[in-house]
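Student: Here are the chains, one letter per residue:
Protein chains: 2
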Amino acid sequence: MQLYNYFRSSASYRVRIALALKGLAYDYMPVQLLKSEHLGESYAAVSASRLVPLLKDGDAVLTQSLAIIEYLDETYPAPPLLPGDALARARIRALALDIACEIHPLNNLRVLRYLVHDLKVSDDDKNRWYRHWVETGLETVERQLASHSGTGRFCHGDAPTLADITLVPQMFNAQRMDCRLDHVPQVMRVFAECMKLDAFAKTQPSACPDAT
Amino acid sequence: MQLYNYFRSSASYRVRIALALKGLAYDYMPVQLLKSEHLGESYAAVSASRLVPLLKDGDAVLTQSLAIIEYLDETYPAPPLLPGDALARARIRALALDIACEIHPLNNLRVLRYLVHDLKVSDDDKNRWYRHWVETGLETVERQLASHSGTGRFCHGDAPTLADITLVPQMFNAQRMDCRLDHVPQVMRVFAECMKLDAFAKTQPSACPDAT
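Chains A and B supply the protein sequences, listed in that same order.
Numbering-wise (our numbering), the first sequence opens with residue 1 and increments by one.
Numbering-wise (our numbering), the second sequence opens with residue 213 and increments by one.
Read the hints as simulated data drawn from the structure, not as lab findings.
It should be emphasised that the depicted structure is a prediction, and the values quoted were computed from it without experimental measurement.
Where a beta carbon is used, it is the ideal one built from N, C-alpha and C, also for glycine.
Hints are supplied without guarantee of correctness; some may be wrong.
Said to hold, decoys possible - Computed, partial: chain B to chain A, Cβ under 7 Å:
| hint | residue |
| --- | --- |
| 1 | Lys247 |
| 2 | Glu249 |
| 3 | Gly270 |
| 4 | Tyr283 |
| 5 | Glu286 |
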């Protein structure tokens, strides 16, 4: 397998964690987003969406981190990243989407660039925007973790799932941007549990071959 | 089943389509987003996330439209909304996420409000922002539809899937906001095919009991 990705892309980090949890080896193919390599001709030949991450598994070309992880879970079932019955799986997916749809898209590099370049938003306002969506979004996740009996050592139960895989990269962004985190104790507890595991720790941005 | 939703919320519309395709009956529970009913005490008692849509199926409480639809597909398998092998399912999910993660979150009501109230963006700039993410995002979807042999009468094959369910509500937003659409002929063709089906047509915003 080959994973086209970028060390600081949190969607990329999700897939690195999933591959590590499954024990799957892959070639690390760096795509330098800050240099806009994803928009260049050579990457366009690989990816119709021009986004990272992208996974090649033999002839198969897969995009969108959550779709890639669902594919990995269906193709390489152990350990399960979406364990349990339909209701448990729905809860895990909803927690992942609370991050992947409600927080992450608002703080993507291209969105921040549009704010600054097209809307002429100041750096201070841009950073306030970033923190606003992280802090309010994580508050929603906190409420779901605190109010549900399914929460265990991890977001759902006592083994890492798609929810934790989506949460941890978001926490790296939150810390890097100095977001307030004292209002989300359950989130912080789960984050600390995840980081005890090699699959999360050894794939983190600073440990990547393209880290600068 | 009870569906808490709002006629103009495109995430709500996704779930209405899925329920209709499955032939499942439900009580329509309107939540007036423009009046901020989703932030009030009575809805907080129902929903920890305070977002719509929310589906109650017996004792089960489900949030996040894509997670709800995956749950419906696992619990009420016919007709399948994620048909085929792992690779086909990954493509369908990726197309859905190209809309649900890359377009829709940027044009949510709360995001538009933040632009206007907190960042003091003009109405013209807000509308330009809206169109920018729709037009560039649909261009990505168009490239995926045009470049892949899996595209059929619908986004994937000849029956509607999760990808079409996510695409159609986005098209209603695109038309309502006068977005440019002449650059996405495959998208428009699939949209027209979907609207021939009752499951899409009879659940559209203007047909909802809370439509104004």
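Student: Determine for every hint whether it applies to the structure shown.
Tutor: Outcome of the hint check:
1. Lys247: At about 20 Å, which exceeds the 7 Å cut-off, the nearest Cβ of chain A leaves the hint on Lys247/B violated.
2. Glu249: violated (17 Å)
3. Gly270: Hint violated; Gly270/B Cβ to chain A Cβ min 10 Å, cut 7 Å.
4. Tyr283: Interface hint status for Tyr283/B: holds (4 Å vs cutoff 7 Å).
5. Glu286: holds (4 Å)
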